[in-house]
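With the hints as constraints, model all of the structure from the sequences given.
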Amino acid sequence: MNIKDVENLAKLARIELSEEEKKELLSDMESILGYVKQIEEVKVDVQPSGLNSDYNVWREDILEPREFSPELISGQFPEAKDGFLKVKKIL
Amino acid sequence: MIDLKNLTIATARKKLDAKEFSAVDLAQAYLDEIKKKNGELNAYLEVFDDVLDQAKNADQMIARGESYPLLGIPLAIKDVILIQGKKVSAASKILENYIASYDATVIAKLKKQGAVFLGRANTDEFAMGSSTENSAYIITKNPHDTSRVAGGSSGGPVAAVAADLALGALGSDTGGSVRLPASFCGIVGLKPTYGKVSRYGLISLGSSLDCIGPIAKNIEDTSILFNAIYGHDVLDSTSINDTTYEQIIVKKDLTIGVPWSLVNGEGINPEVKENFTQSVKKLEKLGCNIKDISLKNIDLALAVYYIIMPAEASTNLARFDGVRYGLHVDGKNLLEDYLLTKRQGFGKETRRRILLGTYVLSHGYYDAYYGKAQMVRSALKKEFARAFKEVDIIATPTAPFVAWKIGEKSDPLSVYLADIFTVTANIVGVPAISLPSGWTEVEGKKLPLGIQFMTPHGAEELLFEVGKKFEAITDRVLDSR
Chain A
1 MNIKDVENLA KLARIELSEE EKKELLSDME SILGYVKQIE EVKVDVQPSG
51 LNSDYNVWRE DILEPREFSP ELISGQFPEA KDGFLKVKKI L
Chain B
1 MIDLKNLTIA TARKKLDAKE FSAVDLAQAY LDEIKKKNGE LNAYLEVFDD
51 VLDQAKNADQ MIARGESYPL LGIPLAIKDV ILIQGKKVSA ASKILENYIA
101 SYDATVIAKL KKQGAVFLGR ANTDEFAMGS STENSAYIIT KNPHDTSRVA
151 GGSSGGPVAA VAADLALGAL GSDTGGSVRL PASFCGIVGL KPTYGKVSRY
201 GLISLGSSLD CIGPIAKNIE DTSILFNAIY GHDVLDSTSI NDTTYEQIIV
251 KKDLTIGVPW SLVNGEGINP EVKENFTQSV KKLEKLGCNI KDISLKNIDL
301 ALAVYYIIMP AEASTNLARF DGVRYGLHVD GKNLLEDYLL TKRQGFGKET
351 RRRILLGTYV LSHGYYDAYY GKAQMVRSAL KKEFARAFKE VDIIATPTAP
401 FVAWKIGEKS DPLSVYLADI FTVTANIVGV PAISLPSGWT EVEGKKLPLG
451 IQFMTPHGAE ELLFEVGKKF EAITDRVLDS R
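In order, the protein sequence lines correspond to chains A and B. Okay, so the first sequence: first residue is 1 according to our numbering, each after it adds one. Okay, so the second sequence: first residue is 1 according to our numbering, each after it adds one.
Note that these hints are calculated values from the structure, not bench results. It should be emphasised that the depicted structure is a prediction, and the values quoted were computed from it without experimental measurement. Even for Gly, the Cβ is constructed at its ideal location relative to N, Cα and C. Accuracy of the hints is not assured; some may be wrong.
[Stated by the list, open to error] Label pairs and their in silico Cβ distance ranges: (1) A:N56 with B:K112: 26 to 34 Å; (2) A:I3 with B:I249: 53 to 61 Å; (3) B:K405 with A:N56: 47 to 55 Å; (4) B:G364 with A:D82: 43 to 51 Å.
[To be verified] With a straight-line Cα cutoff of 30 Å, these simulated DSSO-like cross-link-like pairs (lysine-lysine) come out: (5) B:K36 with B:K405; (6) B:K87 with A:K86; (7) A:K22 with B:K348.
Set out below in structure tokens:
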């Protein structure tokens with residue numbers, strides 16, 4: 001790994017980092033990856049399985065009252081207009 | 001004056017029902033204690049301003065003749081569990097002023113019983129850590145030695161219970177975050193079977209690993225809390241019910257498996273080994289059969305964990321982008337909004353894990369890391385299933401060492417190693433409990449040690465069974481205060 005890799009990851013994760021943070025993260029990541037790399041050596045002959053079930057869990061599409069309201073949710077918007085979430089233009 | 005030191009949830013229930021004291025008296029006693037000690041211990045990030053109102057409501061329920069196990073019982077709630085109308089920040093700056101818009105399922109269940117929520121307790125940011133040193137706000141201190149960490153990430157709720165700032169608590173456990181601090185602070189912490197307790201309303205860290213778990217002074221209280229919060233929930237698609245796993249019949253003669261090769265491995269403190277060896281002897285005296293078991297890939301559990309958890313964390317935390325809720329730092333355009341918000345909102349450890357997760361999931365590394373880790377995870381599940389054909393319970397120490405000094409461990413990897421015994425239960429999904437197994441004296445202070453028991457999926461009752469037996473013959477630091 002090198003600084004460029006850290007920069008690329010930070011870009012993918014949308015986090016801005018200072019030069020010093022990049023250096024620190026590089027050395028941390030090298031040490032952590034050095035440890036977790038031990039799984040490369042193992043030979044396992046199993047396929048990954050699901051969590052508690054290997055099938056999709058659905059629930060009926062029925063309207064049920066929930067305790068939260070649009071007001072409670074829109075109250076948390078950093079910026080709102082007429083009850084809508086306001087964001088900067090994308091294109 | 002209520003004797004909080006010797007009070008348990010079970011005894012408080014009797015006294016509340018017998019009107020020896022009211023729920024308001026009890027809540028006030030805890031508020032007074034919090035006022036005295038929280039300044040030093042930093043267990044709570046916020047003490048709620050409506051505690052006495054909640055207690056009054058509980059008293060009214062009692063007056064109407066209602067009685068539930070947790071009616072009027074004052075609890076601490078880890079700052080990752082949503083209570084409608086209350087702030088919940090995951091101890092992060094990115095959610096500093098976030099107010100929960102709904103109740104977590106566990107909270108709704110506790111509210112029905114009339115439990116009293118004292119406040120939100122400190123944690124590592126987004127529950128990422130083993131010492132509560134990663135909170136963006138305060139460092140929780142160990143009540144047994146305030147120069148040491150309380151453990152993490154549920155350090156706040158655990159310290160609160162250990163120092164009589166709450167009668168019980170709820171934490172979350174992704175890789176040991178309930179059990180490790182419970183061990184460091186000399187109390188009991190349970191990680192239930194994955195899916196047994198609904199995750200609805202828990203701020204996600206690693207979704208395939210996360211469990212909400214009870215924290216209490218003893219096994220009886222832990223089981224009371226557990227019975228109040230578990231159950232199938234349609235709002236959590238990974239939720240299980242009583243028939244998901246085979247019912248375990250509690251046998252009279254229990255066989256306990258010990259993976260000695262792991263316990264005798266590198267990096268395990270000699271006092272921990274000695275205490276654990278003594279604990280195993282005690283279990284033998286109690287009539288348990290002890291069996292040395294080998295789990296081929298168990299020493300890889302930590303490596304598997306530190307691939308899967310950051311991968312899931314980086315995905316889960318992508319939602320904190322300054323758009324819909326939480327911190328918003330304004331930039332020139334939308335991309336800059338993201339970059340600046342995340343830069344200002346996320347702390348060091350959080351960034352580290354986001355980047356690590358992004359790396360192991362990225363093209364070219366996915367198969368080598370994440371894909372392989374999922375395969376080893378499956379292999380481990382099979383090994384555990386095989387082991388549980390031969391033994392009823394698996395025992396290990398909870399932590400490889402005692403609580404460390406605040407600031408002592410600066411290298412992230414050295415902190416990760418604290419989870420060596422606890423992560424496996426999360427990877428495999430089985431229930432696990434940590435309970436006090438004695439103490440060791442370091443620099444004139446008695447520091448608690450813990451033992452961990454694991455059982456097959458769905459067999460929490462068996463953990464309580466062996467826990468009660470073990471508890472009855474163990475010297476606890478809590479009792480010697």
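Against the structure, the hints come out as follows:
A beta carbon spacing of about 30 Å between N56 of chain A and K112 of chain B agrees with the range 26 to 34 Å that was offered as a hint. In this structure the supplied range 53 to 61 Å holds for I3 of chain A paired with I249 of chain B, their Cβ-Cβ distance being about 59 Å. Our hint of 47 to 55 Å for K405 of chain B and N56 of chain A holds, since their Cβ atoms are close to 48 Å apart. Judged by the Cβ atoms, the range 43 to 51 Å given for G364 of chain B and D82 of chain A holds: they are separated by roughly 46 Å.
Under the criterion of a C-alpha separation no larger than 30 Å, the hint pairing K36 of chain B with K405 of chain B is consistent with the structure, at around 23 Å. Taking the CA atoms of K87 of chain B and K86 of chain A, the gap is near 23 Å; set against the 30 Å cutoff, the hint holds. Taking the CA atoms of K22 of chain A and K348 of chain B, the gap is near 11 Å; set against the 30 Å cutoff, the hint holds.
Checked against the numbered hints given earlier, this structure breaks none of them.
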